[in-house]
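**Q** All chains should be modelled from the sequences, with the hints used to inform the complete structure.
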Amino acid sequence: MFLCSVCGGATTVRALAQKPQPQILALYPAEKSAHEDLPDIARKFLQQAYETLHAPDASTVMAASAVDAMLKAKGYSGGSLYQRIDQALANNVLTQGMADWAHAVRLEANGVRHADAARPHATPEEAAQTVEFAEALGNFLFVLTARIDRGIAAAQSS
Numbered sequence: 001m002f003l004c005s006v007c008g009g010a011t012t013v014r015a016l017a018q019k020p021q022p023q024i025l026a027l028y029p030a031e032k033s034a035h036e037d038l039p040d041i042a043r044k045f046l047q048q049a050y051e052t053l054h055a056p057d058a059s060t061v062m063a064a065s066a067v068d069a070m071l072k073a074k075g076y077s078g079g080s081l082y083q084r085i086d087q088a089l090a091n092n093v094l095t096q097g098m099a100d101w102a103h104a105v106r107l108e109a110n111g112v113r114h115a116d117a118a119r120p121h122a123t124p125e126e127a128a129q130t131v132e133f134a135e136a137l138g139n140f141l142f143v144l145t146a147r148i149d150r151g152i153a154a155a156q157s158s
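Under the UniProt record's numbering, think of the first position of the sequence shown as 1, with each following residue one higher.
A couple of the hints might just be wrong.
Stated by the list, open to error - Here are the simulated lysine-lysine pairs, DSSO-like style, with alpha carbons at most 27 Å apart: (1) K44 with K74; (2) K74 with K32; (3) K44 with K72; (4) K44 with K32; (5) K72 with K32.
As the list claims (entries may be wrong) - Derived CB-CB ranges, DEER-like: (6) G151 with A55: 36 to 42 Å; (7) N139 with Q83: 22 to 28 Å; (8) I148 with G9: 32 to 38 Å; (9) V13 with G79: 46 to 52 Å; (10) A136 with P29: 15 to 21 Å; (11) P20 with G151: 44 to 50 Å; (12) F140 with R14: 32 to 38 Å; (13) G75 with S157: 25 to 31 Å; (14) F2 with R119: 29 to 35 Å; (15) S80 with Q23: 46 to 52 Å; (16) F2 with E125: 19 to 25 Å; (17) D40 with T12: 29 to 35 Å; (18) A153 with R113: 39 to 45 Å.
Derived from the structure by calculation, the hints contain no laboratory data. We treat Cβ as the ideally placed atom computed from N, Cα and C, and that holds for glycine.
**A** See the structure below:
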C-alpha cells in the first residue's frame with residue numbers, strides 16, 4: 001500500500017516485481033479520466049480538475065471552466081456564465097436543481113479567481129463538490145445522450 005502523491009489517499013499497486021524495476025500493471029483505485037464523450041475542451045478542463053484535487057483552488061477553477069465549456073458546446077456562448085446558466089435553465093437544458101448547483105459552482109470559482117477577501121480559498125470538500133458537479137453535468141448533457149444514441153443505433157442495426 002502506498003500514499004497517492006496527488007491526493008494523499010491510500011492506493012495499492014499490482015506489479016511484476018521480478019525485474020530490477022517493477023512493472024506496474026494496475027493501480028487501485030484506478031486513476032480518474034474524463035469521459036471520451038465530452039467535448040474536447042470540456043474534457044481537458046475536467047481532467048485537469050481531477051488531477052488538481054490536491055490543490056483545491058486550481059481544481060475549483062478547472063471544474064468551473066469545464067462547466068462553462070460544456071454550456072458553450074451546447075450553444076450557450078453569449079453573455080456571462082451567470083446568464084448562460086439561466087438561459088440553459090429557461091430552455092429546459094438544465095433542471096432548476098442543476099442550475100442552482102451550477103450557480104454555486106460559479107460563485108465558488110469566482111471567490112477563488114477574484115481572491116475574495118472573505119473566502120479567498122476553496123476547501124478540499126468544496127473542490128470535490130465542484131468537480132462532482134462538473135462530472136455530473138457532463139454525464140447528463142453529453143455522456144448519457146451519446147450512450148442513448150449508440151443504443152438506438154445498435155438496436156436499429158440488429
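**Q** Can you let me know if the beta-carbon spacing of G151 and A55 is within 36 to 42 Å?
**A** holds (38 Å)
**Q** Please check whether I148 and G9 have a Cβ separation lying inside 32 to 38 Å.
**A** For G9 against I148, whose Cβ atoms are near 34 Å apart, the range 32 to 38 Å holds.
**Q** Could you tell me whether the CB distance from V13 to G79 stays inside 46 to 52 Å?
**A** holds (48 Å)
**Q** Between A153 and R113, is the Cβ distance one that fits in 39 to 45 Å?
**A** 41 Å Cβ-Cβ, so the 39 to 45 Å window holds.
**Q** For K44 and K74, compute the direct alpha-carbon distance and say whether it is at most 27 Å.
**A** holds (17 Å)
**Q** Starting from the hint 44 to 50 Å, judge whether the C-beta atoms of P20 and G151 obey it.
**A** The hint (44 to 50 Å, Cβ to Cβ) holds, given that P20 and G151 are roughly 48 Å apart.
**Q** Given the hint of 32 to 38 Å, check if F140 and R14 actually sit that far apart at their C-beta atoms.
**A** holds (34 Å)
**Q** Look at the Cβ atoms of G75 and S157 and judge whether their distance stays inside 25 to 31 Å.
**A** Since the Cβ atoms of G75 and S157 sit about 30 Å apart, the hinted range of 25 to 31 Å holds.
**Q** Taking only the CA atoms, is the gap from K44 to K32 under or equal to 27 Å?
**A** holds (13 Å)
**Q** Starting from K44, check that the Cα of K72 is at most 27 Å away, please.
**A** holds (14 Å)
**Q** For the hint 19 to 25 Å, verify it against the beta carbon of F2 and that of E125.
**A** This hint holds: roughly 24 Å between Cβ atoms.
**Q** Against the 27 Å threshold, does the CA-CA distance of K74 and K32 hold or violate the hint?
**A** Judged against 27 Å, a Cα distance of about 24 Å means the pair holds.
In terms of the numbered hints stated before, the structure departs from none.
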